[in-house]
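There are 2 protein chains.
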Amino acid sequence: MTKNEEILEVFNKRYACKKFSTEKRVSDEDLKTILESARLSPSSFGMEPWKFLLLRNEEMRNDFRQFAWGALNSLNGATEIVIILARKDVTGDSEYFRDNWKNLKKVSDEAFEAVKDKFTKFQKEHLKLLENERTLFDWASKQTYIALGNMMTVAAYLGIDSCAIEGFNKEQLEKYLSDMGLLDLNVYGVSVMVSFGYRNEEQPKKIRRELKDVLEIIE
Amino acid sequence: MTKNEEILEVFNKRYACKKFSTEKRVSDEDLKTILESARLSPSSFGMEPWKFLLLRNEEMRNDFRQFAWGALNSLNGATEIVIILARKDVTGDSEYFRDNWKNLKKVSDEAFEAVKDKFTKFQKEHLKLLENERTLFDWASKQTYIALGNMMTVAAYLGIDSCAIEGFNKEQLEKYLSDMGLLDLNVYGVSVMVSFGYRNEEQPKKIRRELKDVLEIIE
Numbered sequence: 001m002t003k004n005e006e007i008l009e010v011f012n013k014r015y016a017c018k019k020f021s022t023e024k025r026v027s028d029e030d031l032k033t034i035l036e037s038a039r040l041s042p043s044s045f046g047m048e049p050w051k052f053l054l055l056r057n058e059e060m061r062n063d064f065r066q067f068a069w070g071a072l073n074s075l076n077g078a079t080e081i082v083i084i085l086a087r088k089d090v091t092g093d094s095e096y097f098r099d100n101w102k103n104l105k106k107v108s109d110e111a112f113e114a115v116k117d118k119f120t121k122f123q124k125e126h127l128k129l130l131e132n133e134r135t136l137f138d139w140a141s142k143q144t145y146i147a148l149g150n151m152m153t154v155a156a157y158l159g160i161d162s163c164a165i166e167g168f169n170k171e172q173l174e175k176y177l178s179d180m181g182l183l184d185l186n187v188y189g190v191s192v193m194v195s196f197g198y199r200n201e202e203q204p205k206k207i208r209r210e211l212k213d214v215l216e217i218i219e
Numbered sequence: 001m002t003k004n005e006e007i008l009e010v011f012n013k014r015y016a017c018k019k020f021s022t023e024k025r026v027s028d029e030d031l032k033t034i035l036e037s038a039r040l041s042p043s044s045f046g047m048e049p050w051k052f053l054l055l056r057n058e059e060m061r062n063d064f065r066q067f068a069w070g071a072l073n074s075l076n077g078a079t080e081i082v083i084i085l086a087r088k089d090v091t092g093d094s095e096y097f098r099d100n101w102k103n104l105k106k107v108s109d110e111a112f113e114a115v116k117d118k119f120t121k122f123q124k125e126h127l128k129l130l131e132n133e134r135t136l137f138d139w140a141s142k143q144t145y146i147a148l149g150n151m152m153t154v155a156a157y158l159g160i161d162s163c164a165i166e167g168f169n170k171e172q173l174e175k176y177l178s179d180m181g182l183l184d185l186n187v188y189g190v191s192v193m194v195s196f197g198y199r200n201e202e203q204p205k206k207i208r209r210e211l212k213d214v215l216e217i218i219e
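Sequence order for the protein chains is V and H.
Going by my numbering, the residue at position 1 of the first sequence is 1; the numbering climbs one at a time, nothing skipped.
Going by my numbering, the residue at position 99 of the second sequence is 99; the numbering climbs one at a time, nothing skipped.
If you're looking for bench data, these hints aren't it; they were derived computationally from the structure.
Heads up, some of the hints might be wrong.
A pair counts as met if it fits within one copy or between any two copies, since identical chains are not told apart.
Below, in silico cross-link-like pairs of lysine to any residue (SDA-like), each with a Cα-Cα straight-line distance of 25 Å or less [claimed, not checked]: (1) K121 <-> Y96; (2) K128 <-> K170; (3) K116 <-> F67; (4) K124 <-> R199.
Work out the full structure: start from the sequences and follow the hints.
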């Protein structure tokens, strides 16, 4: 099998798993690899505006049933559930921005001022991300979907099934996590969730629009 | 090399390429595989709220220099540039929603009404996506970032370099594409762009936060 064929096979066998095995769990090594693929995912200006919560506490998993209907199938199986948080504070004048460039990437003062100016102009004028808190959060949230996609693809490559979860009441879930001391609402919001486990069902037929319907070649 | 090691190698060799070869082009077969990975990417409710424009026209590539500073490095090389559009019209009562479930997935009238109700509640109450046009567009745009991530990872697996591009003036770019007849502004907005080619530079050192800084295990 060529690499190209292998890739198509992986993408065709990934689907939103509805019924997970209650016995077979993802190995520590595979889970680590999936999480590393998230950590190493690209993000705008390399800002890594995310955090990943691995939900293993049984009581909390049970509580989740109240406000995350999209997670029910996952909670019924032997899955790992990852709650993906997105940052709310990623602006040029934030402490996080300074920490990212000065302490992590260790750029010079001059380079810092230059990237800060560029980033601020980019956010304010080019993509108009500073209109309100929601537009800024949604931009950070978009970056987390890169990590989300990579985790699911890596899982499929390792023969592991997954289910992305947007089906939750965001306000209730955030309040719950905040009450549990797991979320500083000034810094993070819940972006999306994803579960990993092994299927205990037949894969449904994949129905997609054809390439010609979603692709236009401008020649 | 185990599959786990192979994955980490792929993620470590992917970076935002700043200088592309002016000679070596991505093969048709590899480009097809990259685009197929986008088409087969998951999206919320399987709505595929996207379209991909492959920008090969030399005159237009040149025009792009005016309003896409983030694309300059890519335009200077022998790259393929994909403009990723997100749909603005994905609501339960849209024609697109009906087409997706009735014509594409061929569900019964009863199942259609059920998924429509569920979807509307999800958009309106759970994620509050119907606040305004921007919140709805940004949700569709998030889905395109899954495809974006997958395309870059698949490219890296095939030994192809890439650069995600958010550095453009959204308003100007959309007006240009609309004027060229390539974008119906009632249906689509520009979400993000990405280029593919071969590096003509040394890969910079990858700087990332450590896993312990972005992961919390709730036990």
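Hints, one by one, checked against the model:
1. K121 <-> Y96: Cα proximity of K121 and Y96: one copy only (17 Å, versus 35 Å across).
2. K128 <-> K170: both (24 Å within a copy, 8 Å between copies)
3. K116 <-> F67: The answer is between: 20 Å across copies meets 25 Å, while 39 Å in one copy does not.
4. K124 <-> R199: neither (45 Å within a copy, 31 Å between copies)
In this structure, only the earlier hint numbered 4 is contradicted, and the remaining ones agree with it.
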